[in-house]
Amino acid sequence: MEQTVHLRVTDAATGRLLPCRVHLRDAYGQPRLPLGYLPDPPVAPGQEVGGHLVSQGKVWAYIDGSCEVRLPPGRVTVEVWHGPAYAPTVWETDRGQGRIAIRVRLSQVLAPPPGWHWADTRVHFLSPAVAALEGAAEGLTLVHLLAARREKPLPRLANLLDFSGQDVLLQRFGCAVCVNTYQQGGVWGDLALLHCHRVVFPLTAGEPGFEHYTLADWAYQCHRKGGLVVWPGFPGSPGERLPLAMLGEIDAVEWCAEAPWDASTLELWYALLNAGRLLPVVGASGKPSNALAVGAVRTATWLGPVQPFSLANWVSAVKHGHTYATHGPILEWRINDLAHPWEVPPLSPFSVPLTGPGSMLTPSESPLPRTPNAVSAAAAATASPPAWCIVAHARSVTPFSRLEMICGGEVMASASASVVPVDNASVAAPLIGTSQPNPPGFVQHPTGVYCAGITWQLAATKLDELPGSWLAFRCWDGHNLAAHTSPISLPRQTRLRECDRERLHEALARAESVLVSVPHPRQSELLQRLRAARQTLRHLP
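Read in order, the letters of the sequence shown are residues 1 to 541 in the UniProt record's numbering.
What the hints contain is simulated information worked out from the structure, not anything from laboratory work.
Some hints here could point you the wrong way.
Pairwise CB distance ranges, derived in the manner of DEER restraints [to be verified]:
#1 Gln171 / Gly304: 52 to 58 Å
#2 Pro346 / Pro399: 51 to 57 Å
#3 Glu2 / Pro88: 24 to 30 Å
#4 Gly236 / Arg8: 30 to 36 Å
#5 Val518 / Ala263: 34 to 40 Å
Straight-line distance between alpha carbons at most 20 Å, and here's what the computed EDC-like set of lysine to aspartate or glutamate pairs gives [said to hold, decoys possible]:
#6 Lys58 / Asp40
#7 Lys58 / Asp11
#8 Lys319 / Asp167
#9 Lys152 / Glu79
#10 Lys225 / Glu258
#11 Lys462 / Glu343
#12 Lys225 / Glu211
#13 Lys319 / Glu343
#14 Lys58 / Glu258
#15 Lys462 / Glu410
#16 Lys58 / Glu79
#17 Lys225 / Asp262
Using N, Cα and C, we set each Cβ at its ideal position, and we do this for glycine too.
Produce the entire structure from the sequences given, and follow the hints as far as they go.
Dropping the structure here:
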């Protein structure tokens, strides 16, 4: 006979309820949804979005840490997920008749250094309260809910009346939600306007009375009081966005879970970086439906261990490029003992020397040292020519295959990932009338953490031999991008490679074909900006 069972998920360290998503199955493999949730939630964009996730044949429910579910006696399988710092937990147990409580204590297995904050920069259709719940369950600090105009299947202005601009609208479960706007520019391209001081109309290009508006007008209004202009779904159709990016009117490019980055995407971004347009990367789910998780791709933003979290500080850090985007891996790096720098620091006489005479780099698969000062001191004692020592480490509870360090788009060092087993969770499931901590048949499925590390050393005399003026770290899961940092500036100037110059000229030509073929009241201004972008490109060394 089925009974109502209370499920409670807590943090093993604090004992507090842990927002999470859960998937339950009975002995027959049938999914069991908590009370108040849909057994077959829709997955079409805009339809009853929130509280559910349908992924890889499983229906998940987002809970605040507790729920009630109807379960029959017998074997029960429970899966629990709480973001990339907690290993996914899968366990099975026999639920005897009369047992009406299941308790799960989940332990954190990865601890990012203090000063990192996690955000999804674009989510659609959720209510603010549900956005906070799902964001917290996915381990996020901040969710940007973007209002947009939709015409199908029915006209709607989702979330527009919740607009909060430069203020947090709602903070719950440790996750802040703010609401801004998503501007749809048609063939000229879309923009995401974050931290805007007011709603910028129109939300869609060509609305009656706004036929003359351009993407540049949207960007100007957003920037007027410190807003953040993001190129969503980069690159998509370049349209007007590429000239704006080359002229400094776009602040960041978005890696979106709905538009995975491939080699051609990276090549265009790297070409912009090599042209001196150091556009940071932000990560977003672009969530339009229950088929995609909030934070599927997320932004890690470095504020440092002292600076408090606020929207203004977060926006400033993004504009300065203190970000990486990730599908799972958590990244750490040091350059000569400085944690997570975004510019390679000046060398001192005691900077780390090369370990191999005359060698530019020495890749290693050792993890990030816990005491990097000792590494520098030991190396400095040998007193070779000054050098930079760069140590990077990637860790993830989900699979990835390798960690790379690149310079100017070229791979300089690489390390394969290995798996370190962990026992991440303990479950106490008391039976009615007994104090047994774990019932007969309890199975804890093993989990592991994927790790990769690189050590790379560069002598000051070798700096001019590098292929670019910036470094970055990235992770791969096979052929799929798993994480990528924004560029880290090197103290040198380089010439733009001809292949990058040609790639940008080709992209500008594609943009021109749109600007010429589609009528616009201010077409001459659009073409003038295109010519200015080309002139900027021609003047690059």
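Hint check: Lys462 vs Glu410, CA-CA at most 20 Å. Holds or violated?
Measuring from Cα to Cα gives roughly 16 Å; hence the hint holds.
Satisfaction of the hinted span 24 to 30 Å by the C-beta atoms belonging to Glu2 and Pro88:
27 Å, holds
Given the hinted pair Lys58 and Asp40, is their Cα-Cα distance within 20 Å?
Holds. Lys58 to Asp40 sits at ~10 Å (cutoff 20 Å).
For the pair supplied as a hint, Lys58 and Glu258, is the alpha-carbon distance within the 20 Å limit?
Holds, at about 19 Å.
May I ask you to test the hint 51 to 57 Å on the CB atoms belonging to Pro346 and Pro399?
Roughly 38 Å apart at Cβ, these two residues miss the hinted range, so it is violated.
Could you say whether the range 34 to 40 Å given as a hint is met by the Cβ separation of Val518 and Ala263?
29 Å, violated
Does Glu79 lie within 20 Å of Lys152 when you go C-alpha to C-alpha?
Between Lys152 and Glu79 the Cα gap is close to 35 Å, so the pair fails against 20 Å, i.e. violated.
What's the verdict on Lys319 and Asp167, does the C-alpha distance respect the 20 Å limit or exceed it?
Cα-Cα ~18 Å, so holds.
Pair hint Lys58 and Glu79, alpha-carbon separation not exceeding 20 Å
10 Å, holds
Would you check the hint for Lys462 and Glu343, treating anything up to 20 Å between C-alpha atoms as holding?
17 Å, holds
Assess, step by step, whether the Cα of Lys225 is no farther than 20 Å from the Cα of Asp262, and give holds or violated.
Since the Cα atoms of Lys225 and Asp262 sit roughly 34 Å apart, the hinted pair is violated (cutoff 20 Å).
Beta-carbon spacing of Gln171 to Gly304 - inside the hinted bounds 52 to 58 Å or not:
21 Å, violated
Of the numbered hints given earlier, the model fails hints 1, 2, 4, 5, 7, 9, 10, 12 and 17; all others are met.
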